[in-house]
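Okay, here's what each chain looks like letter by letter:
Protein chains: 2
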Amino acid sequence: MYQDHHASFAVSSHGNTVPSPSHAPLRVGLLGLGTVGAGTYTVLQRNADVIAARTGRRIEIAMVAVRNLARASVIVGPEVSLVDDPFQVVNHPDIDVVVEVIGGTTVARDLVLQAIANGKHVVTANKALLAVHGSEIFAAAQAQGVVVAYEGAVAVSIPIIKTLREGLTANRIEWVAGIINGTTNYILSEMRTKGVSFADALADAQRLGYAEADPTFDVEGIDAAHKLTLLAANAFGVPVQFDKVYVQGITALDSVDIAFAEQLGYRVKLLGIAKRHDHGLELRVHPTLVAADHLLAQVNGSMNAVMVKSDAAGVTMYYGAGAGAEQTASAVIADLVDLCRTCGTAHRHRVPSLAFQPGAVVALPVTGMADVVTGFYLRLDVSLAAQTVPTLLSHFAQAHVPVQQLEVLEHPGDKALNAIIFLTAPTQERVLRGVLAGLEQLPMVRGAVKAIRIEALA
Amino acid sequence: MYQDHHASFAVSSHGNTVPSPSHAPLRVGLLGLGTVGAGTYTVLQRNADVIAARTGRRIEIAMVAVRNLARASVIVGPEVSLVDDPFQVVNHPDIDVVVEVIGGTTVARDLVLQAIANGKHVVTANKALLAVHGSEIFAAAQAQGVVVAYEGAVAVSIPIIKTLREGLTANRIEWVAGIINGTTNYILSEMRTKGVSFADALADAQRLGYAEADPTFDVEGIDAAHKLTLLAANAFGVPVQFDKVYVQGITALDSVDIAFAEQLGYRVKLLGIAKRHDHGLELRVHPTLVAADHLLAQVNGSMNAVMVKSDAAGVTMYYGAGAGAEQTASAVIADLVDLCRTCGTAHRHRVPSLAFQPGAVVALPVTGMADVVTGFYLRLDVSLAAQTVPTLLSHFAQAHVPVQQLEVLEHPGDKALNAIIFLTAPTQERVLRGVLAGLEQLPMVRGAVKAIRIEALA
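Sequence lines, in order, name chains A and B. With our numbering applied, the first sequence has no gaps in its numbers, which climb one by one up to 744 at the end. With our numbering applied, the second sequence has no gaps in its numbers, which climb one by one up to 744 at the end.
The set of hints was computed from the structure by calculation and includes no laboratory data. Hints may be right or wrong, so weigh each one.
Calculated from the model, a selection of chain A residues having no Cβ within reach of chain B, i.e. all distances over 10 Å [as the list claims (entries may be wrong)]:
id: 1; residue: Pro311
id: 2; residue: Glu437
id: 3; residue: Glu548
Under 7 Å between C-beta atoms, here's a sample of chain B residues computed to sit facing chain A [claimed, not checked]:
id: 4; residue: Lys448
id: 5; residue: Ala607
id: 6; residue: Ser680
id: 7; residue: Leu725
id: 8; residue: Pro729
Here a beta-carbon is modelled for each residue, glycine too, at the ideal position from N, C-alpha and C.
Here chain A stands alone, though its shape is the one from the complex (with noise of 0.2 Å):
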């Protein structure tokens, strides 16, 4: 420490030096070069002097799969062996892992356990593949003594899958909240920002490439479904069980709830939960209410932020970029230097796929949503009469639903209405259905009320 004003500088070099590795190098073959396979070569090639000063050995990517060999033969050099099989690749006796970055879930699973039978460790970025087909992939890796590494399948530019397996060991996980879908913040963000409705923000997000020409995944929430399911079994010691989260996009949204949520205090995300109960697990994926000064409620633009609680620890946090060509090759590569400093040794499966023994992952009973407690942010449309308020609020009061918050608004589209926002205390959604079922059935209620659930995450 010094504190004076005057510079200090040490005598020595430059840089880092790169050590002469003392092993071969890992030899990996590429299935797909696309954007993130591309990237993944990039970055490769850029930092392979840091690389290998972290490493003590060379990471070389010997053989790559395309479609188009031509158009490859401009991405990667000469020493680059390109097949248009990718089965060449998977067969091939000098690979020692492959790097599966074609997506989807028929030919992808058909490559990776290929390669697991083939005894060659497997580097994924496939959270569809992982959520839907994990348990099987998952057995057949434990059984042929290999490692599938699944890094960039959640929030690429976080080592979350990291920190849950190995950072937070101590831990009993209370819940794991995420934004971990970039394309629907990005929306949000929009919508909230210039108050444009969901259609023109998807087109905006399409026309910059945040948001692909078909967007169902994205919006529908079931991309972020698929990274849940890898979270969840991560923190909790569960299979991956997609088909039990609970799914609700952001296509219904309507940019006023999410202005007249701005003026009560709150923003909107399209958030992923995974919570544990003493009678099991919630799992769920939906637009949410987090009041504005919330961390979560800063995560703005395309940006993706994972929380956790945990009994030791306490409420952590971890925010970074959810997509990108490098950011993707960042955890890509990390899953291939974590191979370096084991692979070849008795302790190649040094962490469990899901962070717990093979023998120690039980499914828990999923809580359906009629059991599950959140508020209730309410939008009524309502021809205001003296008696209006306080009948509506008798149902509430009936049901014995706290209401928190009342706002009486204007109607944003029609001049002989008002909107009547109601912000619940936590209540049992089956609960709040009846209420809500009672209150449609009042002739001053246009419509269906719009509800949105809004967490605390304290």
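Fit chain B to the supplied structure of chain A, relying on the hints for placement.
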């Protein structure tokens, strides 16, 4: 995935089963049973089932060295051997790992070196010890083939050492900037929200247990500098070099500047910053203005956060408690789990002590503060006349220092004076000091100019 609203219960059991560990337990000797030591014992007991389910091996605190044996026997169970000489623990043949949580840099150093000499792994949360004696300790560990793990030394609840050493290994790290001292962040949060003085906020913090009776290490920035030393070493592959860190604490901060900064859209945080340039490294701890909508500005109270900018992953951030008995235990136990997963194998040194292979750890020249470039917040107390502002601005113009914002405010203490705030563009500190020297000689300027650095961190 399901989208209906009916409960869907898996037919399964009610918790994780504890696997019968296939190995002998990891036998831990604990040095110290203060806050952290007791917290570690408590969490290991409470979460034994879930830790064993993750690890496949039991972690057993076999011996504890304490000053007060009677007091200790109330905390730990009868299965633990209590001794009052810590050297009995480090010399005991049955102990696999020594956990050092007594603190300090004298006896702790002797104990850690003796444990290493005896071939025992060491887990420590002692940032001062490693920041000052790390080179000696890591070299001894390397020579003996044992691990010295220290996740608990920095921002305890967040696995930031693991993130730097293992999660971001693909990246060339550009900078690390963190709120890494909870005491000072609590004091600064209180000064901002309540407008109280540093002295009053410190007294409050001491009453509430956020600050120690002798707060010097915290409020003078020394604790943050210890942690920054470790972060920088892991980020850049340089040795620990605490003596090269520029350190400025928060004791001289005036609450009026925190209030003025707030009016201008900024918050004041004590940041530890390590930046890599082509020509060397910046290592500095000082109060810093950060834009109010920056994620680091949202880190309030005693919480910590570390932001990392790297070339592939981009900006990522890690947030959580920086102190506390169980929060520190979370880190200490994660290190023990890591040891369970590798020790007894040839891969005990799976991850190098400072992220880079020992041969690749190379000192870089540390840039003196005169050469560091930051923006500046400047407060000049002046007796205002017609020519005051043009005269002051001419000094900036002559030195080619761009003023980006200027506010003339009422002086909070002296009605005859005004406070003029200048925010400058990023400027080399040597140049800025020249401007300040000139300004302070002007008769209209009363007293010394108050200067606080500004960082964009984008």
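To test your reading of the hints: which numbers does this structure violate?
2, 6, 7, 8
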